[in-house]
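Enquirer: Here is how the chains run, residue by residue.
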Amino acid sequence: MPFSLKGKAALVTGSGRGIGRAIAMQLAEYGASVMLNDIDREPLMEAGALIDKAGGAVKAFPGDITNPEFPQKLVDATVNGFGSIDIIVNNAGYTWDNVIQKMSDDQFQAMLDIHVVAPFRILRAASGYIRETAKREIAEGKRVMRKVVNITSVSGVDGIAGQAGYGSGKAAINGLTKVMAKEWGRYNVNVNSVGFGFIETRLVQPLGENTTIQMKGRSIKVGVQQAARDAVATHCPLGRAGTPEEAAGAVLFFCSPLSDYVSGEILIVSGGARS
Amino acid sequence: MDLGLKDKVALVAASSQGLGKAVAIGLAREGAKLALCARNGDVLNAAAQQIAKETGAEVITKTVDVTREEEVRHFVDHAVAMLGRIDICVTNAGGPPAKPFDATTTEEWRRAVDLNFMSTLFFAQAVLPRMRAQKWGRFIAITSLTVKQPVDGLILSNSVRAAVAGLVKSLANEYGAHNVLVNNVCPGYTATDRLVELSSTLAKSAGVAPAEIEKRWTAQIPLGRLADPKEFADAVVFLCSERASYITGQSIAIDGGFAKGLL
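Each protein sequence line maps, in turn, to chains A and B.
Each residue of the first sequence is one higher than the one before, starting from 12 at the first, in this note's numbering.
Each residue of the second sequence is one higher than the one before, starting from -1 at the first, in this note's numbering.
Hints were generated in silico from the structure; no laboratory data involved.
It is possible that some hints are incorrect.
[Unchecked claim] List of simulated lysine to aspartate or glutamate pairs, DMTMM-like, C-alpha gap at most 25 Å:
hint, chain 1, residue 1, chain 2, residue 2
1, A, Lys227, B, Asp5
2, A, Lys84, B, Asp75
3, B, Lys60, A, Asp51
4, A, Lys64, B, Glu67
5, A, Lys227, B, Glu28
6, A, Lys64, B, Glu69
7, A, Lys17, A, Glu257
8, B, Lys51, A, Glu220
9, B, Lys60, A, Glu53
10, B, Lys4, A, Glu148
11, B, Lys228, B, Glu212
12, B, Lys133, A, Asp87
13, A, Lys17, B, Glu68
14, B, Lys60, A, Glu57
15, A, Lys84, B, Asp5
16, B, Lys51, A, Asp124
17, A, Lys64, B, Asp40
18, A, Lys227, B, Glu52
19, B, Lys51, A, Glu57
20, A, Lys64, B, Glu28
21, A, Lys64, B, Glu68
22, A, Lys189, A, Glu148
23, A, Lys64, B, Asp75
24, B, Lys51, A, Asp63
25, B, Lys4, A, Glu57
26, A, Lys17, B, Asp5
27, A, Lys232, A, Asp51
28, B, Lys228, B, Glu69
29, B, Lys60, A, Asp63
30, B, Lys60, A, Glu40
31, B, Lys4, A, Glu80
32, B, Lys4, A, Glu53
33, A, Lys189, A, Asp271
34, A, Lys17, B, Asp75
35, B, Lys133, B, Glu28
36, B, Lys133, B, Asp0
37, B, Lys4, A, Asp51
38, B, Lys51, A, Asp51
39, B, Lys51, A, Asp87
Just chain A, same shape as in the assembly (with noise of 0.2 Å):
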């Protein structure tokens, strides 16, 4: 193991399934301390049983990060739970896609408050202790990096036909970690952006009658038609998708001592998959 995270505490929202858990499985994994969170329950549960029967050090505070007050509360709840926020991963995310003449305004700013408003809320909500503490850190002479990984898509970077609202959201989370990364160099914070091509979660499940994620009261289609799952053959240069733990890699990274010098980049994870 060439770095551990033991005494780190990392926040990773959308953590209950899909490659969200696959990160929090594996900064556990590397001694840090983790803060779950999603809106559905039930998954989250999982997740923590499976961390904590792994041996890792495991909180969860389940909850919908795109109510205006939530982030604030999450934050805090990762503070006072381990005494400290160092990783920040913003995960959480899903896929409401259409047509850009049959996207609904709802359908539209449900993507940019999950893959940006609530991320830029999450960072504001940390910025307080972020900033006290590496004055504090700085004024003793010492250099702790802290980590933030926003999840960003290829959706985002080259654009994917129906993903209006996506694809803003996700390319919108890049300007944000190139802006926080200024930002927030001054106070020894690694921000960056890791971008998913074809990874294996049930956004990308086979699409079929009954491919629907419920969010908030709502139906909502998932999936990709068997013809694009099959593309991924060709199109692909590794010629196969992703799986959640190859995607986790990736941010295992950026959240790791051996990214201390990497700060506002775009890291694509697609297989080398680009259009």
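Chain A is fixed; fit chain B onto it per the hints.
Expert: Relative to chain A, chain B alone:
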């Protein structure tokens, strides 16, 4: 009557089956969140899934041997980490074997103390400081009617459960000022798997059919029948509730009138 249990966090020990599971279901129906433990993880998870499906309750589980202090402590810590707090703790464990005094070894006595007394103590140590800090708590020990009236052939239960009753009464005195209520519930003959096991053990040693043993029991019960686990759970759920806010330090029998003492 609104029991005020919505979103309370309840920990129920040995809850994969029998009385513990019945209590868990009862609390879940009232909207409590559950942390359940048992020794057998598969049976426990099946029970948890069933409860979550039937009631929509949030349920976490952990495989725990309640005779091991560190496992109990870790379970309580994990429950707090995942569910945020502990409001209610219902302790429970399997029953000790049914044996006459001269067939009971010292090792069996020690095991009975570990299983039924020390396990209750470990939960009390782990949860009571938290309940005191939040100025609200319900600690319920599930023991047995043997606390009210010793039962022939159950010398381990008769003796060790009485110690739990002593612990409960003492804790009620110490924690009353902090709005933490501590009570003991004494199930009588209740139709659980454990009772079937007990009736066949006793039947074998008496040389009669298990049905005969059951008849002997019900003959002594004013209500003339065994309890349904749900009837036991209803009483426990009430004691866990906001509506039982002036009841502490009691040993309450849910035994169909079996115990013949006056109080």
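Enquirer: Next step is simple, just say for each hint if it's right about the structure.
Expert: Tested hints:
A hinted pair counts as satisfied when its Cα atoms are at most 25 Å apart, and Lys227(A) with Asp5(B) qualifies at roughly 19 Å. Annotation: proposed proximity of Lys84(A) to Asp75(B) holds, straight-line Cα distance about 21 Å (limit 25 Å). Taking the CA atoms of Lys60(B) and Asp51(A), the gap is about 20 Å. The hint holds against a cut of 25 Å. As the CA atoms of Lys64(A) and Glu67(B) are separated by approximately 17 Å, the hinted pair is consistent with the 25 Å bound.
With a C-alpha separation of about 23 Å, the suggested pairing of Lys227(A) with Glu28(B) holds against the 25 Å cut-off. Note on Lys64(A) and Glu69(B): the hinted pairing holds, with a Cα-Cα distance of about 12 Å set against a maximum of 25 Å. Note on Lys17(A) and Glu257(A): the hinted pairing holds, with a Cα-Cα distance of about 22 Å set against a maximum of 25 Å. A distance of roughly 23 Å separates the Cα atoms of Lys51(B) and Glu220(A); the hinted pair therefore holds under the 25 Å criterion.
Taking the CA atoms of Lys60(B) and Glu53(A), the gap is near 15 Å; set against the 25 Å cutoff, the hint holds. For the hint pairing Lys4(B) with Glu148(A), the CA-to-CA distance comes to about 44 Å; that exceeds 25 Å, so the pair is violated. Restraint check for Lys228(B) and Glu212(B): the C-alpha separation of about 19 Å stays at or below 25 Å, so the hint holds. Among the hinted pairs, Lys133(B) with Asp87(A) is consistent with the structure: their alpha-carbon atoms are about 22 Å apart, no more than 25 Å.
Taking the CA atoms of Lys17(A) and Glu68(B), the gap is about 22 Å. The hint holds against a cut of 25 Å. At roughly 11 Å between alpha-carbon atoms, Lys60(B) and Glu57(A) fall within 25 Å of each other, so this suggested pair holds. With a C-alpha separation of about 18 Å, the suggested pair Lys84(A) and Asp5(B) falls inside the 25 Å cut-off, and the hint holds. For the hint linking Lys51(B) to Asp124(A), the alpha-carbon distance of about 31 Å lies beyond 25 Å, and the restraint is violated.
Between the alpha carbons of Lys64(A) and Asp40(B) the distance comes to roughly 15 Å, so the proposed pair stays at or under 25 Å and holds. Pair hint Lys227(A) plus Glu52(B) holds up; C-alpha atoms about 21 Å apart against a cutoff of 25 Å. A threshold of 25 Å between alpha carbons decides the hint, and for Lys51(B) with Glu57(A) the separation of about 15 Å falls inside it, so the pair holds. With a C-alpha separation of about 29 Å, the suggested pairing of Lys64(A) with Glu28(B) is violated against the 25 Å cut-off.
As the CA atoms of Lys64(A) and Glu68(B) are separated by approximately 14 Å, the hinted pair is consistent with the 25 Å bound. The suggested pairing of Lys189(A) with Glu148(A) holds, with an alpha-carbon distance near 24 Å, which does not exceed 25 Å. Of the supplied pair hints, the one linking Lys64(A) and Asp75(B) holds, its CA atoms being roughly 13 Å apart against a limit of 25 Å. The hinted pair formed by Lys51(B) and Asp63(A) meets the criterion: a straight-line CA distance of about 23 Å does not exceed 25 Å.
A distance of roughly 22 Å separates the Cα atoms of Lys4(B) and Glu57(A); the hinted pair therefore holds under the 25 Å criterion. Between Lys17(A) and Asp5(B) the CA atoms are separated by roughly 33 Å; this puts the pair beyond 25 Å, and the hint is violated. Note on Lys232(A) and Asp51(A): the hinted pairing holds, with a Cα-Cα distance of about 17 Å set against a maximum of 25 Å. Pair hint Lys228(B) plus Glu69(B) does not hold up; C-alpha atoms about 28 Å apart against a cutoff of 25 Å.
With a CA separation close to 9 Å, the supplied pair Lys60(B) and Asp63(A) stays within the 25 Å bound. Distance check on the hinted pair: Lys60(B) and Glu40(A) sit about 19 Å apart at the alpha-carbon level, within 25 Å; holds. Restraint check: the Cα-Cα separation between Lys4(B) and Glu80(A) comes to about 22 Å, which is no more than 25 Å; the hinted pair holds. Of the supplied pair hints, the one linking Lys4(B) and Glu53(A) holds, its CA atoms being roughly 17 Å apart against a limit of 25 Å.
For a cut-off of 25 Å, the pair hint linking Lys189(A) to Asp271(A) stands: about 16 Å separates their Cα positions. For the given pair, Lys17(A) sits about 19 Å from Asp75(B) by alpha-carbon distance, which is consistent with the 25 Å threshold. A hinted pair counts as satisfied when its Cα atoms are at most 25 Å apart, and Lys133(B) with Glu28(B) qualifies at roughly 21 Å. A threshold of 25 Å between alpha carbons decides the hint, and for Lys133(B) with Asp0(B) the separation of about 21 Å falls inside it, so the pair holds.
Straight-line distance between C-alpha atoms of Lys4(B) and Asp51(A) comes to about 18 Å, which keeps the hinted pair within the 25 Å bound. Distance hint between Lys51(B) and Asp51(A) is fulfilled; the C-alpha atoms sit about 15 Å from each other, no more than 25 Å. Restraint check for Lys51(B) and Asp87(A): not satisfied, since their Cα atoms lie roughly 32 Å apart, outside the 25 Å limit.
Hints 10, 16, 20, 26, 28, 39 from the earlier list are contradicted by this structure; the remaining hints agree with it.
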